[in-house]
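*Asks:* Kindly generate the complete structure, drawing on both the sequences and the hints.
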Amino acid sequence: MSTDSQKNADHSPILEFKSSTFSVPVLILATNKLIAIEKQLQKKIYLAPDFFKNSPLVLDLQYLNKNNLDIDVTNLTHLIRRLDLLPIGIRGGTAQQNQQALKVGIPVHFGYSVNPLSKMKKQEIAKPKAPEVETIPTTIITRPVRSGQRIYASGDLIILAQVSPGAEVLAEGNIHVYGSLRGRALAGVVGNTDARIFCSDLQAELISIAGNYKISENLDGVVPHQLVQIYLQNHTLVIKDI
Amino acid sequence: MARIIVVTSGKGGVGKTTTSASIAIGLAKKGHKTVVIDFDVGLRNLDLIMGCERRVVYDFINVINGEATLNQALIRDKNCNLLYILPASQTRDKDALSQESVGKVLDELKKDFEYIICDSPAGIEKGAQLAMYFADDAFIVTNPEVSSVRDSDRMLGILSSKSRRAEQNEEPIKEYLLLSRYAPNRVKSGDMLSLNDVQGILSLELLGVVPESNSVLNASNAGIPVILDEKSDAGQAYADIVDRYLGENKPHRFIDEKKGLLGILFGSK
Ligand SMILES: Nc1ncnc2c1ncn2[C@@H]1O[C@H](COP(=O)(O)OP(=O)(O)O)[C@@H](O)[C@H]1O
Ligand SMILES: [Mg+2]
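In order, the protein sequence lines correspond to chains A and B. My numbering applies: residue 1 is where the first sequence begins, and numbers increase by one. My numbering applies: residue 1001 is where the second sequence begins, and numbers increase by one.
No lab work stands behind these hints: they were computed from the structure. This one's a predicted model, so the numbers in the text were calculated from it and none came from an experiment. Warning: the hint list may mix true and false statements.
[As the list claims (entries may be wrong)] Only pairs whose alpha carbons sit at most 25 Å apart, straight line, appear in this in silico BS3-like list of lysine-lysine:
{"#": "1", "chain 1": "B", "residue 1": "K1078", "chain 2": "B", "residue 2": "K1030"}
{"#": "2", "chain 1": "A", "residue 1": "K53", "chain 2": "B", "residue 2": "K1162"}
{"#": "3", "chain 1": "A", "residue 1": "K53", "chain 2": "B", "residue 2": "K1126"}
[Stated by the list, open to error] Derived list of chain A stretches under chain B, where covered just means 3 residues or more per stretch with a C-beta under 8 Å from a C-beta of chain B:
{"#": "4", "region": "97-106"}
{"#": "5", "region": "141-149"}
Where a beta carbon is used, it is the ideal one built from N, C-alpha and C, also for glycine.
*Replies:* Next comes the structure, spelled out in structure tokens:
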């Protein structure tokens, strides 16, 4: 019996604390201009409104702070909540930003906080070591993704079956589809412009990489049943035979 | 071990009730004790097609509400004594059904029957979800037209995400395609999707093709499920379907246009 469980009079547990991991999209900000952030977010939401509606979100300010770009977390939070997104955490913030976050009810993930002093000390004493590789598990789907279904992968997504019209597959990394892709596929959904889509039969309703998208109307020239890859070049989607 | 089969489609009017009635009889005639449940609360259709509408005393909702026992509500089929029907109520509304109460009735039926067939209402809402929730096998009844195929695909998505098997991470529901109201001459003229088109979109194991046939309407007017009309094409198609489901290897029929007398004599296509 877990030590955290509480019992009431009839000895059935009332609650229990369990440690558990969730996959939550992380919003990595590369600018501190609120208007630009809002515009870009609106664009993304337009692409997958169901996915983003009331979606939880972790705010990542590490890049901004590395580049000495300050941002007001109170205003940022209001903006994000206005768009029906639910920030549930902040990481990489400064002490002041963390303070602001707590005031508007957002937990701070300290493991990641910017603390210039302690970082310097660490660097001084650290021996050279192999670069850290963050491994994000690949999601493999073996059954068809049917109309109305949505799959989200926080790493790469490999689908060994078809994606039906009206289905949606999203990944923060690359997407591979080895059946017919007839629904929507969105790779690099949190901004990874290097993400690619590979598929053996492109008949999609929409394809997108890091928010740059094409709808089926613009895919008229694509030959079905042909192995292709899709990647970003100068903010434009390129579709190439393999 | 009892198996629960849901006959479902998303779209209405595609032949779910026709199919439920015929495969129920087919399974029972092969010696398997079978019960067929009408989940279409408010419409009540199955008992008409089975020709037992005048023997309905209690119904599914009565059982759920504890107003009647299962034994009181089950109607024994007049053609086959291994087959029972649990009719739907015409007067109550669907909200009477809940997942828990349906589960209880199914658990009780499982003790006594080999096959439990759930005739689903149309749509993808609560009624259809309750009919499929506990299923082990799903017969996806599809007509050769785009909207029906699309709805079937949607239903398949629900089967693989919202069923008991999906929620409890068990082996997924076994899904079969039943292509109904197929008219090869209309496929040829381009008015209907072909079997290949449908398979291309759904990629499911094909249990059988049921041709569009006047015998279905005649059978339901007479209250005798079409499978009992052994001379009819649709009746034979359903008999094949039952055999294939039970593991027999039967070649598919009714896919190509009927050859005229001359065609048969001269072997032309
Ligand atoms: N193979 C068939 N050929 C001709 N008519 C059919 C066929 N199957 C079903 N029908 C007709 O289609 C209508 C709807 O059938 P039904 O089984 O009640 O569908 P559902 O239960 O899916 O609503 C009925 O009028 C029925 O007679
Ligand atoms: Mg019906």
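*Asks:* Is the hinted pair K53/A and K1126/B satisfied, with a Cα-Cα distance of at most 25 Å?
*Replies:* Roughly 23 Å separates the two Cα atoms, so the pair holds.
*Asks:* Is the straight-line distance between the alpha-carbon of K1078/B and that of K1030/B 25 Å or less?
*Replies:* Status holds; Cα separation ~16 Å.
*Asks:* How does the region 141-149 of chain A fare against chain B when you require at least three residues with a CB closer than 8 Å, holds or violated?
*Replies:* holds (count 7)
*Asks:* Does K1162/B sit within 25 Å of K53/A, going by the straight-line distance between their CA atoms?
*Replies:* 21 Å, holds
*Asks:* Using C-beta distances, would you say chain B covers the region 97-106 of chain A, given that this needs three or more residues below 8 Å?
*Replies:* violated (count 0)
The structure is inconsistent with hint 4 alone, although it conforms to all the rest.
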